[in-house]
Amino acid sequence: MTSAALRSRAWKLLEMITTPLLPSDYLDLVSPLRAGADLRGRIEAVHPETGDAATLVIRPGRGWRGHTAGQYVRIGVDVDGRRLWRAYSLTSPTNRQDGRVTITVKAIPDGKVSNHLVRRVKPGTLVQLDQPTGDFVLPKAKPAKVLYLTAGSGITPVMGMLRDVEFDDVVMVHCAPRPQDVIFRDDLHDLVADKKLRLTEVHTDTDGVLDIARLGELVPDWAERETWACGPAGLLDAAEEFWSEHGVEERLHTERFRPGIVVAGDGGEVTFSATGKTVDADGATPLLDVGEEAGVLMPSGCRMGICFGCVTPLKAGAVRDLRTGEITEAEPGVLIQTCVSAAAGPCDIQR
Amino acid sequence: MTAIDPTAHLTAEQIEELGRELDAIRDEVIASRGEKDAAYIRKVISAQRKLELVSRGVLLFSFFPPAWLIGTAGLSVAKIMDNMEIGHNILHGQWDWMRDPKIHSTTWEWDHVSPSDQWRHSHNELHHTYTNVIGKDNDLGYGIMRVDEDQKWHPFHLGQPLWNFINACFFEYGIAAYDLELGKNLHKRRRKNPEFRARAKAVGRKIRKQVLKDYVIHPLLSGPSFLTTLAATFTANLVRNIWSHSVIMCGHFPEGVQVFERRSIKGETRGQWYLRQMMGSANISGSRAMHFMTGNLSHQIEHHLFPDLPSNRYAEVAVKVRALFEKYELEYVTGPLPKQVFSAWHKVFRLSLPNKKPKVKTPDREQELVAA
Chain G
418 MTSAALRSRA WKLLEMITTP LLPSDYLDLV SPLRAGADLR GRIEAVHPET
468 GDAATLVIRP GRGWRGHTAG QYVRIGVDVD GRRLWRAYSL TSPTNRQDGR
518 VTITVKAIPD GKVSNHLVRR VKPGTLVQLD QPTGDFVLPK AKPAKVLYLT
568 AGSGITPVMG MLRDVEFDDV VMVHCAPRPQ DVIFRDDLHD LVADKKLRLT
618 EVHTDTDGVL DIARLGELVP DWAERETWAC GPAGLLDAAE EFWSEHGVEE
668 RLHTERFRPG IVVAGDGGEV TFSATGKTVD ADGATPLLDV GEEAGVLMPS
718 GCRMGICFGC VTPLKAGAVR DLRTGEITEA EPGVLIQTCV SAAAGPCDIQ
768 R
Chain R
337 MTAIDPTAHL TAEQIEELGR ELDAIRDEVI ASRGEKDAAY IRKVISAQRK
387 LELVSRGVLL FSFFPPAWLI GTAGLSVAKI MDNMEIGHNI LHGQWDWMRD
437 PKIHSTTWEW DHVSPSDQWR HSHNELHHTY TNVIGKDNDL GYGIMRVDED
487 QKWHPFHLGQ PLWNFINACF FEYGIAAYDL ELGKNLHKRR RKNPEFRARA
537 KAVGRKIRKQ VLKDYVIHPL LSGPSFLTTL AATFTANLVR NIWSHSVIMC
587 GHFPEGVQVF ERRSIKGETR GQWYLRQMMG SANISGSRAM HFMTGNLSHQ
637 IEHHLFPDLP SNRYAEVAVK VRALFEKYEL EYVTGPLPKQ VFSAWHKVFR
687 LSLPNKKPKV KTPDREQELV AA
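As they're listed, the protein sequences go chains G and R. Take 418 as the starting number for the first sequence in this note's numbering and just add one per residue. Take 337 as the starting number for the second sequence in this note's numbering and just add one per residue.
No wet-lab data here; the hints were simulated from the structure. One thing to keep in mind: the hints can contain errors.
Simulated pairs of lysine-lysine, DSS-like, Cα-Cα distance not exceeding 30 Å [what the hints assert, rightly or not]:
| no. | chain 1 | residue 1 | chain 2 | residue 2 |
| --- | --- | --- | --- | --- |
| 1 | G | 429 | R | 386 |
| 2 | G | 539 | R | 537 |
| 3 | R | 488 | G | 429 |
| 4 | R | 537 | G | 529 |
| 5 | R | 372 | G | 429 |
| 6 | R | 488 | R | 656 |
| 7 | G | 429 | R | 520 |
| 8 | G | 539 | R | 386 |
| 9 | R | 520 | R | 545 |
| 10 | R | 524 | G | 429 |
The model shown is predicted, which means the values in this text are computed figures rather than measured ones.
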């Protein structure tokens, strides 16, 4: 018998011992970061970067496959007892010797997760992780000239790149409201002092918002550079337009944070994606009724919100709890009670 | 349905107002659910797992009588924790708001022969929606007992104290049979219904796994303690069964609890639904340890009003609910466990016999009628 087969037999026997739990339920008690466990990480330190940004040093579990500079990771963190998932760029180099990785988080106004991570989270906290992903990465072949165009927390994936690979000729244009808002400012100026980077800071409080049309004044040879841009949608839209006007759009690589912001409204178009049906729903009719009316096979139970027999994944959009008015937005793994939830804007129900 | 309706003094407006006040209590808890609650359930789950591990470990040496005693006691408590404070409450969706896929009503499985999804249907949906409605809520007597004077007596009911005792000893099997609606489904052609067969198969699988674990694998692991470990596991299951049966009997069977007719719930308003839960449930008074070991079903009234609120919050909710009972002059049925268990058993015995012929105009009865 091969060792894999032997292991699987041993595991089956263990399952018989621990039923109805799994052996991993017990192992998680003592070793949550072991190989074979659901991927988690332990926050080991939190370093403030600016008044509203901090870098978290995370030791990922043994199953971590490593990242490529510029990629992001989804992390699931319990805020007020509720698990919320967000994506953050990895800011550590890929060859860090101690096996830790870092993400750098900027607290956005009213941001539940970002404020929690920047201001409240304690070292020792376990977080859930996904494998790193994203195609905002550097090519295998080194380009001769590089431009990084960033704004605000858009600097985070680029910092991961800067720390990872050295190029002969690198220019960065970074926008932030004030000098003290520039994340990684000391690190950037160290790189400048070592002549590894040419940096232009645009302080939008005093200089105004960067006008892409005048990029040539800051970086005369911008069109010859392989460019990675990350920042607010306005900046990226303008950049994409500018690059394609000049016929060099293939040199521009962009990364957009927070695609598709959910705006909670009253009713909307409901898609039952498994069945492939789409219907209009008002903001007062339970989605269970909406689905049944449309001929979708919906699980149901008490029809008054107490039995949890109708819970269904919400894949996109937002719904409103008809009892409390609470809005629930789609996130991976979010289930809703269709009998007491109505559409709060367009949404996608997995039925 | 009972001779004197204890809610007859309430106007329709009062009942709706009562409903609004209860909704406000619920909203307050929902708005304040947070980190502390999540830490509570995680702590309980981890304590249960550790207790079970240690107890099973001690039972490996159960040929040594003190080890048998400690291991059996620990395993009994672990099984009770698993079924009551953890399993029952998670399967109610009380912790779904945490969005932790491991502590969620759709994924949880418990140390019980009834698979959790079948139990969720019969318990959360049928029992909690139609609480104490004769003919709709099969929890009333589990289909084998007569629990109200208005139910027709049959000579079969003479044996109900015995059925109830057997049910208590093998409660988890009784629940599994009950979730399968075995009584109904064993008839003739229903047996062949593919949906029923699939569910019966699932129960069979669960029973096999549970029995194999408790009565084969763990005793075998104990080697020389094979027989004593077997006896210990059997005892722990027996203790757990009798305990949960007793707690559950106290929820709806003691004297003073109302049952309802099918037609009384037609077009029921939210206020009326709440009122039915209030009148159809009974509590157990006692220490914090008692509340914990009953899975907070000692706060059965509060649980029936708000089945999806986290169990650790029922104690604080109970104070407010009890004040509402007083305000609306309703009877809050509660008492210590022995008293409530006795009351429930008393009813089981009393109703095993046909109703006494109503005496014509006893003075007592006349007074009550005048009062009403």
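Hint by hint, here is what the structure shows:
Pair hint residue 429/G plus residue 386/R holds up; C-alpha atoms about 21 Å apart against a cutoff of 30 Å. In summary, the hint linking residue 539/G to residue 537/R is not supported, as the alpha carbons are separated by about 48 Å, beyond the 30 Å threshold. Restraint check for residue 488/R and residue 429/G: the C-alpha separation of about 51 Å exceeds 30 Å, so the hint is violated. For the suggested pair residue 537/R and residue 529/G, the alpha carbons sit about 45 Å apart, so the restraint of at most 30 Å is broken.
Distance check on the hinted pair: residue 372/R and residue 429/G sit about 36 Å apart at the alpha-carbon level, beyond 30 Å; violated. Distance hint between residue 488/R and residue 656/R is unfulfilled; the C-alpha atoms sit about 38 Å from each other, more than 30 Å. Between residue 429/G and residue 520/R the CA atoms are separated by roughly 36 Å; this puts the pair beyond 30 Å, and the hint is violated. A threshold of 30 Å between alpha carbons decides the hint, and for residue 539/G with residue 386/R the separation of about 26 Å falls inside it, so the pair holds.
With a C-alpha separation of about 26 Å, the suggested pairing of residue 520/R with residue 545/R holds against the 30 Å cut-off. A hinted pair counts as satisfied when its Cα atoms are at most 30 Å apart, and residue 524/R with residue 429/G does not qualify at roughly 38 Å.
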